[in-house]
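We have chain L already, so just place chain S with the ligands on it with the hints.
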Amino acid sequence: MDIIVCLKQVPDTEAEIRPTPDNTEINYEGIKFVINVYDEYAVEEALRIREKVGEGTVTIVTLGPERAVESIRTALAMGADKAVHLDDAAFLGGDANATARALAKAIEAMSYDIIFCGKQAIDDDLAQVGNILGEFLNLPSVTGIVKFDLSEDKKKATVQRQIEGGIEVLEVPLPAVFTATKGLNEPRYPSLPGIMKAKKKELKPVKLGDLGLNEGEVGKKGSLTQVLKYSLPPVRGAGKIVQGDTPEEKAANLAKLLREEAKVI
Amino acid sequence: MAGIWVYAEHRDGNIRKVTFEILGEAKKLAEKKGEELCAVLIGAEVEGMASKLGAYGAQKVYCVEADCLLGYTTGGFTKALCDLVQQHKPSILLFGATTNGKDLSARVAGRLGVGLATDCTGIALDDAGSLQVRRPMFAGKVYAEVAFSEATPQMASIRPNVLAAMTPDETRKPEVIKVTPDVKPEDIRIEVTDVIRTGGEKPDLTEAEIIVSGGRGMKGPENFQILEELADVLGGVVGASRAAVDAGWRPQSDQVGQSGKVVTPNLYIACGISGAIQHLAGMGTSKVIVAINKDPEAPIFKKADYGVVDDLFKVVPSLAEECKKLKSE
Ligand SMILES: Cc1cc2nc3c(=O)[nH]c(=O)nc-3n(C[C@H](O)[C@H](O)[C@H](O)COP(=O)(O)OP(=O)(O)OC[C@H]3O[C@@H](n4cnc5c(N)ncnc54)[C@H](O)[C@@H]3O)c2cc1C
Ligand SMILES: Nc1ncnc2c1ncn2[C@@H]1O[C@H](COP(=O)(O)O)[C@@H](O)[C@H]1O
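Chains as they are written, first to last, in the numbering used here: chain L, 1 to 265; chain S, 1 to 329.
Next comes chain L alone, as it looks inside the complex (with noise of 0.2 Å):
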């Protein structure tokens, strides 16, 4: 079984986000990154089938800056045996068309029976590359899955897919690409064997020219779609702090608040 887990590097949840003061770009200074939450999930569903399996490879492909590498490394130390870094400025500020792109391009070249990203992004919140990776790979996608099962010939996965008021339970023939969400598993930490091992693993990065495909068809310049301007949103005005002696009070002040005032209920 050889696994590939598309892993995107993100700005941590916590980080505070600021347009540059001409707003056409991220500011990202003092940023802490980190591996994307869903890519969390998706990095260890890949270990715990190939560690069922008992062979295989979990190959880690990241497009990302430099800084990108860290968060491979992490991937790494969590039981990944290697890594591809599609690590050139022409990839770089690409939209999900771009982006899937230039993965495609360098899976294509690779041994692959399953493909996992996460759900998405939580930097540009798309939620698209992993189902136009399948589209240009041909391959069947399955987006947010919350259970995956491998079937005895290991030529099918039955999943399971959340969707509003329900859950999907699809059975899907192999190669296929899956994203990832959160209730799939809980990803393990890395430990500290695992750091040092990690030090040692295989980490290729590939330039544009590996990957034979020019400027134009990859990063900003191969994008369908263009950021003109970042802003942050409005500020919510100060609200109201119901007054009341007692908590029963406090409600029935609220109620007639939310009733004549707000007008929402």
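The hints are simulated quantities; they were obtained by calculation from the structure and are not laboratory data. For clarity, every value in this text was computed on a predicted model and none was experimentally measured. Zero decoy hints are in this set.
Computed cross-link-like contacts, DSS-like style, restricted to lysine-lysine with a CA-CA straight-line distance of at most 30 Å:
{"#": "1", "chain 1": "S", "residue 1": "184", "chain 2": "L", "residue 2": "155"}
{"#": "2", "chain 1": "S", "residue 1": "294", "chain 2": "S", "residue 2": "324"}
{"#": "3", "chain 1": "S", "residue 1": "89", "chain 2": "L", "residue 2": "221"}
{"#": "4", "chain 1": "L", "residue 1": "240", "chain 2": "L", "residue 2": "263"}
{"#": "5", "chain 1": "S", "residue 1": "303", "chain 2": "L", "residue 2": "240"}
{"#": "6", "chain 1": "S", "residue 1": "33", "chain 2": "L", "residue 2": "220"}
{"#": "7", "chain 1": "S", "residue 1": "219", "chain 2": "L", "residue 2": "147"}
{"#": "8", "chain 1": "L", "residue 1": "263", "chain 2": "S", "residue 2": "52"}
{"#": "9", "chain 1": "L", "residue 1": "105", "chain 2": "L", "residue 2": "197"}
{"#": "10", "chain 1": "S", "residue 1": "302", "chain 2": "L", "residue 2": "229"}
{"#": "11", "chain 1": "S", "residue 1": "287", "chain 2": "L", "residue 2": "240"}
{"#": "12", "chain 1": "L", "residue 1": "240", "chain 2": "S", "residue 2": "294"}
{"#": "13", "chain 1": "L", "residue 1": "256", "chain 2": "S", "residue 2": "294"}
{"#": "14", "chain 1": "L", "residue 1": "240", "chain 2": "S", "residue 2": "327"}
{"#": "15", "chain 1": "L", "residue 1": "263", "chain 2": "S", "residue 2": "314"}
{"#": "16", "chain 1": "L", "residue 1": "52", "chain 2": "L", "residue 2": "197"}
{"#": "17", "chain 1": "L", "residue 1": "256", "chain 2": "S", "residue 2": "219"}
{"#": "18", "chain 1": "S", "residue 1": "202", "chain 2": "L", "residue 2": "256"}
{"#": "19", "chain 1": "S", "residue 1": "324", "chain 2": "L", "residue 2": "256"}
{"#": "20", "chain 1": "S", "residue 1": "287", "chain 2": "L", "residue 2": "256"}
Here are some chain L residues the structure puts well away from chain S; computed CB gaps all over 10 Å:
{"#": "21", "residue": "154"}
{"#": "22", "residue": "189"}
{"#": "23", "residue": "212"}
Computed spacing ranges between beta-carbons, pair by pair:
{"#": "24", "chain 1": "S", "residue 1": "11", "chain 2": "L", "residue 2": "243", "range": "41 to 49 Å"}
{"#": "25", "chain 1": "L", "residue 1": "153", "chain 2": "S", "residue 2": "173", "range": "51 to 59 Å"}
{"#": "26", "chain 1": "L", "residue 1": "202", "chain 2": "S", "residue 2": "45", "range": "47 to 55 Å"}
{"#": "27", "chain 1": "S", "residue 1": "150", "chain 2": "L", "residue 2": "67", "range": "29 to 37 Å"}
{"#": "28", "chain 1": "L", "residue 1": "205", "chain 2": "S", "residue 2": "176", "range": "52 to 60 Å"}
{"#": "29", "chain 1": "L", "residue 1": "233", "chain 2": "S", "residue 2": "184", "range": "43 to 51 Å"}
{"#": "30", "chain 1": "S", "residue 1": "45", "chain 2": "L", "residue 2": "193", "range": "54 to 62 Å"}
{"#": "31", "chain 1": "S", "residue 1": "177", "chain 2": "L", "residue 2": "190", "range": "52 to 60 Å"}
{"#": "32", "chain 1": "L", "residue 1": "235", "chain 2": "S", "residue 2": "326", "range": "29 to 37 Å"}
We treat Cβ as the ideally placed atom computed from N, Cα and C, and that holds for glycine.
Here is chain S with the ligands on its own, set in the frame of chain L:
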């Protein structure tokens, strides 16, 4: 007459509300652009739903019907929709940013090689008549104005509960066009073997107008009963913080926040929730926010329109009583 298209998602024979919301706004774009507003229904038997789309503004409704499209599959619906798009070449194609709306739109965008903006909260046309959208990024910490390349259709998915639907006019009859799609098993590839219902009859959190949410302050699963009662009085549904979900008190599908659902109800009542940044990411754009928390320093009060500093176990049952009284007046 390229056309502005809205993918009409449906479940159990009902069109999902977000579809009507998009039609309302898309109508304005269509008028400005001088193009027709069309809706696309895909399924096994969908024609019965077409008139409703007309009432909400669609001038034309494509009904793509085949037995193999009875339930949603990414492959089947992508093939059906892409074929139709390639035949008629709409200029703009819009979806609800629901689970399946996001799933389908991404695969379609990949196949057509066009740009897609996810989870938009505003749609407009620029001076050249090209789609321009506004969408939250970084869990709502910033917003982006997004433009598209010339490749058409320009695509966007729209967050539920954000745009306003028009008042339906049943006398408006759409032109109904039946389409027999060319979808084969090799287009579908996967098989949906079961759908386990968990939500009952209540609307999903993402579509609910009123949400009563509980966090770690609820102290245990049994206490959510008081939230259920309040929600029933208000005609709302119950949500939860991650702490409550991870403790096993509520199902994952109830989780509001960055790693749960993003919701935009008219009223969000947070009970025993501190207001961590990841929780705020999921409900910060609710129209009215109420916080009930005994800790006056809880960060949730910075976002709340109305705050009650007190013990939720005393406030919530009284609030339910009071609301019941007011509603019966
Ligand atoms: C990557 C990542 C993703 C995350 N995603 C999410 C997410 O999607 N959703 C989410 O919610 N969180 C998420 N979190 C977790 C988040 O950081 C918080 O840990 C979580 O929201 C806390 O839940 P809580 O407010 O219920 O609990 P707490 O922070 O423990 O707050 C409990 C509150 O209850 C109050 N309280 C206690 N008893 C009473 C009483 N009797 N009456 C009134 N008030 C009372 C307390 O004063 C306190 O403010 C995420 C975290 C990370 C790192
Ligand atoms: N730059 C990237 N490098 C590797 N994987 C990525 C990258 N961008 C997105 N992905 C994968 O695609 C998923 C969805 O991302 P997005 O569509 O951008 O929200 C992520 O969770 C990752 O698994």
